[in-house]
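Peer 1: Residue strings, one per chain:
Number of protein chains: 2
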Amino acid sequence: MRIELINTGSELLLGFTVNTHLNYIARKLGEIGLRLERQTTIGDDRSEMRAAITEALRRCDVLIITGGLGPTSDDFTRAVVAELLGRKLIRDGAIATHIAERLRKRGIHLPESIYVQALVPKGAKVLPNHNGTAPGLAVEHNSKLVVLLPGPTRELKPMFEEFVLPMLRQRCGVTAKFDCRTFKVVGLPESAVEEKVAPALADMRDVELGYCARPGEVEVRIISNLKSSADSAEKQIRAALGDHLFGTGEEQLEEVVVRELIKTRKTIVTAESCTGGMIANRITNVSGSSEVFLNGWVTYSNDAKMKQLGVRAESLKQFGAVSEEVACEMAKNARARSGADYAVSATGIAGPTGGTPGKPVGLVFIGMATPQRTVVQRHTLVFDRETFKFFVSQYALDMVRRELLAAKLG
Amino acid sequence: MRIELINTGSELLLGFTVNTHLNYIARKLGEIGLRLERQTTIGDDRSEMRAAITEALRRCDVLIITGGLGPTSDDFTRAVVAELLGRKLIRDGAIATHIAERLRKRGIHLPESIYVQALVPKGAKVLPNHNGTAPGLAVEHNSKLVVLLPGPTRELKPMFEEFVLPMLRQRCGVTAKFDCRTFKVVGLPESAVEEKVAPALADMRDVELGYCARPGEVEVRIISNLKSSADSAEKQIRAALGDHLFGTGEEQLEEVVVRELIKTRKTIVTAESCTGGMIANRITNVSGSSEVFLNGWVTYSNDAKMKQLGVRAESLKQFGAVSEEVACEMAKNARARSGADYAVSATGIAGPTGGTPGKPVGLVFIGMATPQRTVVQRHTLVFDRETFKFFVSQYALDMVRRELLAAKLG
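The listed protein sequences correspond, in order, to chains A and B.
Residue 410 is where the first sequence ends in our numbering, and the numbering goes up by one at each step.
Residue 410 is where the second sequence ends in our numbering, and the numbering goes up by one at each step.
Calculated directly from the structure, the hints in this document are not laboratory data.
Predicted model only: the values in this text are computed from it and were never measured.
Each hint should be verified, as a subset may be incorrect.
Here are the simulated distance ranges between beta carbons [stated by the list, open to error]:
1) B:125 x A:221: 33 to 41 Å
2) B:79 x A:100: 57 to 65 Å
3) B:125 x A:302: 39 to 47 Å
4) A:191 x B:162: 50 to 58 Å
5) A:91 x B:250: 35 to 43 Å
6) A:112 x B:79: 40 to 48 Å
7) A:336 x B:31: 49 to 57 Å
8) A:354 x B:198: 44 to 52 Å
9) A:144 x B:79: 31 to 39 Å
10) A:50 x B:115: 41 to 49 Å
Computed list of chain B residues with no C-beta within reach of chain A, every gap over 10 Å [what the hints assert, rightly or not]:
11) 37
12) 155
13) 169
14) 186
15) 195
16) 355
17) 376
Don't be surprised by glycine CBs; every beta carbon is placed ideally from N, CA and C.
Produce the complete structure using the sequences and hints provided.
Peer 2: Below, the structure is given as structure tokens:
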């Protein structure tokens, strides 16, 4: 079964938006053993769309098209597909009601044009949109399947998982044609990860091994047609990486930390300077974090460090805001003032300005206070501002993860 | 002149790598007034590559192909293109010397297979690679131009700028053929934006109009071949959108807010519950924010709201944490405790759990305290957790932006 993907949207071909749909859909297909044979990007142009869809339908069995289902004049995927497949567009009452209901709930009034989204090519299956107004559509045509998905990621992803994957699984009768597993590593650069992993898997001819370096973490990927080979490769990888391995699949470090805190009924607070709230923001991205996250301080100014967190004026004067002492006081005081089990702190120079010869851009002190002790790590992380913040938050979260792991192992 | 791009590499179709080449090349072409009409991604598969290149050459005048120029068994772009264009591959002595020289300098020995990179289709122009061993290639064929570029970004980018752009500029005799401008809107859904903008531009036949809905904002894009048309369209758009327009190009709302705060020498603090630090995090993503951002509180628990921000126990008891009263106290107290000019607050139910019939998931109160007054907005934002947080941060930042704008206009 040949599967192709067409992503529509002029912003993609103008270079304004990175095509993350391709990645997402390719990964999800891979999980059920299916692969994309080709992906095409086109702009919001009717004749280009007609040509690209016609050509793709000549080649493939399943065609997935994203974008162009919205209410504005440059959204015409629905109309073009209906035209090419010779289907009339019929207004679907249930969709119209769903749209009206969503607008009512949010208390907003929109022009009548919004109801173009209630039009359905005759015979198409409607894929409900729980996160927006435009439903997805699936049309069977000459034993080919054409699936239309809305462009916004938060609408596309749940719809793909709830409706499209089961449909493809059933259609292809696949279980898993290949077994693809991802292991996530923190605290080691890519080459060090390879140095540990590659020798352990050197003899496994039927396992394809890949690495991907991301900001603050490295992914190790294995693909195999045999479950037993994947199992034994996984065992080797886990042994080789030890506690550098923090998760699998798409797991985020903050999810692992929140999960372990919930399990052990411990609480945490954050005291941030240079990360500006990113650590708290990442923790509170995890559903259930309110069970363990009490509060956070973002003490950006020296005044706030003293007033809100009780950092001593003498420490700021003698050592400077970016210092081991201040990171230590921030973590210790945050823990004491909140009554939490753990506190993390970060103070550093995100840049691009603010560096001095003694304290260059990228210098950061990351603190952790626990019931037993307060520790501070010193790093120099020379990146753009947002990447710097992410790296620091990664180190801070990893300190807590390792602390929880050590407590677990006794 | 029709330009197409083919990106090769199985990692792209497996979803392991985001295609940033597309963005880079599209933007660079845009800078000299050229556009991509189509982009295709294929895996490392000879017959798929043959088909995709053949089809693209039927449609376009310039074909750019990236990847597959390396020395390993899955690199065969060079060979496939030579075969399709009926050109012999000839070993180029200068390239072979360049490769040998690079290896000598780095002190590494590689298998003889590395010299496959010195093969050139007869008549092709060699594009030197200053950052790797594989040169790029440009072949003129039946008045079409085929350009092959190496996959690694650090090799592709300088080569594209040094050789490919000048070649295309000369070929097309272009200065800037189109003028592309983006306007960013907050506080209006996509269809409402169109309702305002479309009638104003109805008569402008030579201006292409596009919309892109992103979480919490909408982009309006105009493209025109005439600067004067773009200017007059921009004037119409600005008039139609009024204060809903917050920026242009890639400007972020937090950048606009920080810039205006710096200009007016005002300071800000944040008091966040449901956003968990995201507002502070966005503000501190902006370089220079330390001039205006004093500090933030992330008071997630009720206890923290009382202890750190002085929210009254009676307010929490009588109205609940998610209420207009608590949002109001959070903003007012944060402003008073910090001495900042402005304070924003947010308290709501991010979900997916925690909703009740009276206070459903998505309900949020967003407060702002200024020297003159304290105001609270109520919204219901039914999204996944991270999108919810982003929307709330967007509304909060927009309240400050409008306040600063009103102050400016007197």
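Peer 1: So, for every hint listed, does it hold in this structure?
Peer 2: To see whether the hints hold, each was checked on the structure:
1. B:125 x A:221: 33 to 41 Å: holds (37 Å)
2. B:79 x A:100: 57 to 65 Å: With Cβ atoms ~58 Å apart, the hint holds.
3. B:125 x A:302: 39 to 47 Å: With Cβ atoms ~59 Å apart, the hint is violated.
4. A:191 x B:162: 50 to 58 Å: violated (29 Å)
5. A:91 x B:250: 35 to 43 Å: holds (38 Å)
6. A:112 x B:79: 40 to 48 Å: violated (57 Å)
7. A:336 x B:31: 49 to 57 Å: Taking Cβ atoms as reference, residue 336 of chain A and residue 31 of chain B lie about 55 Å apart, which means the hint holds.
8. A:354 x B:198: 44 to 52 Å: holds (46 Å)
9. A:144 x B:79: 31 to 39 Å: holds (33 Å)
10. A:50 x B:115: 41 to 49 Å: Given about 46 Å between the Cβ atoms, the range holds.
11. 37: violated (6 Å)
12. 155: holds (17 Å)
13. 169: holds (17 Å)
14. 186: The claim holds: residue 186 of chain B sits with its nearest Cβ about 14 Å from chain A, beyond 10 Å.
15. 195: The assertion about residue 195 of chain B is violated, with a minimum of 5 Å to chain A.
16. 355: Nearest chain A Cβ is 13 Å from residue 355 of chain B, so the label holds.
17. 376: Residue 376 of chain B clear of chain A: closest Cβ-Cβ about 16 Å, beyond 10 Å.
Hints 3, 4, 6, 11 and 15 from the list above are not met by this structure, while the remaining hints are.
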